[in-house]
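Student: Protein sequence lines correspond, in order, to chains A and B.
647 is the number of the first residue of the first sequence in our numbering; add one for each residue after it.
35 is the number of the first residue of the second sequence in our numbering; add one for each residue after it.
Read the hints as simulated data drawn from the structure, not as lab findings.
As the structure is a prediction and not an experimental result, all values here were calculated from the model.
Misleading hints may appear alongside valid ones.
Simulated coverage check for chain B against chain A, where a stretch passes if three residues somewhere in it have a Cβ under 8 Å from a Cβ of chain A [stated by the list, open to error]:
1) 199-207
2) 217-223
Here are a few chain B residues that sit away from chain A, every Cβ distance over 10 Å (derived from the structure) [stated by the list, open to error]:
3) P39
4) A101
5) D131
6) V212
7) T298
In this text, a Cβ means the ideal position worked out from N, Cα and C, and glycines have one as well.
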Amino acid sequence: MALEVRGLTAGYGPVTVLRGVDFRAEAGQITCLMGRNGVGKSSFLKALMGLLPATAGTIALDGTPLHGLPAHEIPRHGLAYVPQGRRLFGPLTVAENLAVGGLVHGNDTATLAQVLTLFPRLRERLDQTAGTLSGGEQQMLAIARALCLRPRVLLLDEPTEGLQPSMIALIQEAILSLKAGGVAVVLVEQRVDAVLKLADRVAFMVAGQVAETMPVKGLTVDAEVFRTYVGV
Amino acid sequence: MAFGPFLLLALMEGLVTAAVLALAASGLSLVFGVMRVVNVAHGEFYMLGAVLAWAVTTMIPGPPALAFLAAVLIAPVLVAALAAAADGLILKRLNYDPEATIVATIGLLYILQQAALSLYGPNANPVTAPFEWRIQLPWFGYSGYKLFVVLAAGLVLLGLWLFMTRTKAGLVMRATQVDRSTAQAFGINVDRVYMGTFALGAGLAALAGVLIVPIQQAQYLMGHDPLLLSFIVVIIGGLGSLRGTLIAALVIGLSDGVISMFFTPTLAKILATLLVAMVLVFRPQGLFGARA
Ligand SMILES: Nc1ncnc2c1ncn2[C@@H]1O[C@H](COP(=O)(O)OP(=O)(O)O)[C@@H](O)[C@H]1O
Ligand SMILES: [Mg+2]
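Starting from the given sequences, assemble the full structure and let the hints guide the process.
Tutor: Given below as structure tokens:
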């Protein structure tokens, strides 16, 4: 099972941001996406979700074309999205946020129970409004909401941005357990150590294109590619 | 009449105004909250509710109660269907652009109004109340139908609240209201939500029109006042806040009743408008609205 993207081109109105992205993500693997600010990582995930209309190129999941589908059809094919900045439904409760995540499958209780086992902290706060959670809890909820969709492909946009180390470790564990469960994880990540710890493959983006993709095995913190594409 | 009973009568009249206003305004508030559309044609849906109630009751023979019941069921559904069509034909094509939709709904206002004038005529026509029962208080008699209006509006608003907070459709509407694109990412068909919301908002206005028409006759220009008052209520209560809308409707309705009776209706409208001006200056998000 794989998500296969070829020549994806998209932009905001007249401004083209993605200029022919080629990308591949395999089931049971974590594929990281790195690149400097503004190269189009977030825009790429939005385009995968149909939130940014593609003007050219193809997106296929196991050979099923997804490009050109209306945005609300995409999650039905098993793609779930954890946006940058979380984008929770702030005035809604934790339980309601999770219920939105489970809409596609009619909110079965088994999935919800499973997700709450992964994030027990959320179980204690089901009736609290999402906007009043701490930053780390909000990020857990954003991931949990996506997991309620029982995704085959999970797109995460900088999920540990601005969190304290203990919380980062917790979220990284959750991501690794998803990989073990056979999910194809696409992770936008800026920290080299996190990429080395989590990723199977890493794709480097430059100016709206994937410039280079490689296995992570064998890469070290001081590898040349990180200096070239992320500037550390 | 002594002061006490006179005040009671004023408050009861105010309560009827508040009930009908709360229904109409909650529709306006819902449409703005979820769709960010300021629907200037909202009062025309109220007018159509009243006019259709007249049409239905004149077409259906038999006891007035039965004919009225038919009007309560049929008129809001017809108006909601019309609104759904207007959403697909007009608002959707404008991409729900906040400014373009204001202009478009102004156009819709005149289309609906002139259509009513052509088909229904310029006259005001009464609709027989479903029952003639009167409640006899020690100081004055009062229309049982008016009390029924208060009760019915209360029940409908309770139902609306339960719908928004307890059902899947309500959840979908609230999620769309908060963040339209994230809602889409979780499989919510926003176009369908918008169409349903616009229909529901229009249906609430139409129901208010049906309920008022045994008290106030049906006429093609009757949409103006409820539009203005709904805007006043929605601005005071906070755009998109259902709770604020209800409280503001009570404040405006009751004060309208009391001031109209002790002074003049004009003074009541002046004070309401003044209150809106103060809210806009000192608390533009409304008394209960959250700042987005
Ligand atoms: N909503 C938007 N409208 C217009 N341009 C945008 C919008 N969002 C992002 N961009 C532009 O698209 C480019 C890529 O942004 P983004 O995908 O957020 O980059 P990254 O996530 O890699 O930092 C940037 O030049 C940014 O200014
Ligand atoms: Mg980004």
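Student: Taking the hints in turn, state whether each one holds.
Tutor: Hint check:
| no. | hint | verdict |
| --- | --- | --- |
| 1 | 199-207 | holds (count 3) |
| 2 | 217-223 | holds (count 7) |
| 3 | P39 | holds, 44 Å |
| 4 | A101 | holds, 41 Å |
| 5 | D131 | holds, 14 Å |
| 6 | V212 | violated, 5 Å |
| 7 | T298 | holds, 41 Å |
In terms of the numbered hints stated before, the structure departs from hint 6 and from no other.
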